[in-house]
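For the record, the sequence lines run as chains H and F. Residues in the first sequence are numbered from 389 upward in steps of one, following our numbering. Residues in the second sequence are numbered from -3 upward in steps of one, following our numbering.
Treat the hints as calculated values from the structure; they're not laboratory data. Errors might be hidden in some of the hints.
[Claimed, not checked] DEER-style ranges, computed between Cβ atoms: (1) H:I517 <-> F:D52: 18 to 24 Å; (2) F:V103 <-> H:A503: 15 to 21 Å; (3) F:S64 <-> H:T514: 16 to 22 Å; (4) F:Y42 <-> H:D459: 29 to 35 Å; (5) H:Q391 <-> F:R71: 21 to 27 Å; (6) F:D79 <-> H:A503: 29 to 35 Å; (7) F:G110 <-> H:L440: 44 to 50 Å; (8) F:N32 <-> H:T507: 39 to 45 Å.
[What the hints assert, rightly or not] Far from chain F, some chain H residues (derived; all Cβ distances over 10 Å): (9) N409; (10) E472; (11) D491.
[As the list claims (entries may be wrong)] Derived coverage of chain H by chain F (criterion: at least 3 residues anywhere in the stretch with Cβ under 8 Å from a Cβ of chain F; other residues may be distant): (12) 416 to 429; (13) 460 to 467; (14) 474 to 482.
Quick caveat, the model's predicted, so the values are computed rather than measured. Glycine residues also receive a C-beta, built at the ideal position from the N, C-alpha and C atoms.
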Amino acid sequence: MNQKENYLYFALTGTAGDAANDASCFPVSDLLGTQVASATTTKVFHTDSTNLTGLNGAGGKVNVITLTHEDIATNANIHKKIAEAVARIAANPGRGKVLTVVDTATGTVAEEFEAHNNTTQVTCTTIAITQ
Amino acid sequence: MRQDANFMYFNMADPVASGWTDDGNMYRSNQLRAMNSTAAGGATMYFDAIHIGHYDAPDDIVLTVVSSGDDEADRANRVTAMDAMVSKANTRNRDGFVVAYSEIENVKPGGITGITVTLDS
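Excised from the complex, chain H in its bound form (with noise of 0.2 Å):
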């Protein structure tokens, strides 16, 4: 069966995608992964938008968001759950849609985040393209 594409959708605060990179999506297919990054923030990355992924050395790229959570020294394995929510966002069915993961500017999580969301609200503080 042919089956369509799900994009996932981040965006920052403030003006709800008004200036450079406030706000983007990715092709599903193009999630590669996630790293912890400090108590507090989980990394996200893509395939580069500028075709930069798997270049050697400085010159390979990819495109990295971070999310914004509860800290570990609260919240045990925090890390862990941040990754496997992103991930099951990631296997809904192709529908052909924009699945939002996290968009601060209207305070929108995905509901797969739901359940570690409890404290502290999960944020999208950085979206960096071709880092």
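Position chain F against the provided structure of chain H, taking the given hints into account.
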């Protein structure tokens, strides 16, 4: 698009007690390229250089297994560890997610006693 692969999560230490970067990483399972033995008690998993994007500096995960001093036993230990990771890489479920190894959750399949994750190696 429905995922053609699960995501594999690796936690190599309790981040509260250690550094942050690389302590918890998630990889797309179909980007696991190879595993090879590295020592009597070790094997290494190689992923596409997904987090940094440098093909000449891939991400790798060193698996530590029991080193017994007996070559055949060591071989069997390494194969058991590799087999466990292949099983994780081939897991398919509705969540698109599987914990491959976790110190925090004490998920240590295939006799693996520890891992070391290196990005952009």
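- Task: Output the numbers, in ascending order, of every earlier hint that fails for this structure.
- Result: Numbers 3, 5, 7, 10 - these are the hints that the structure violates, sorted from lowest upward.
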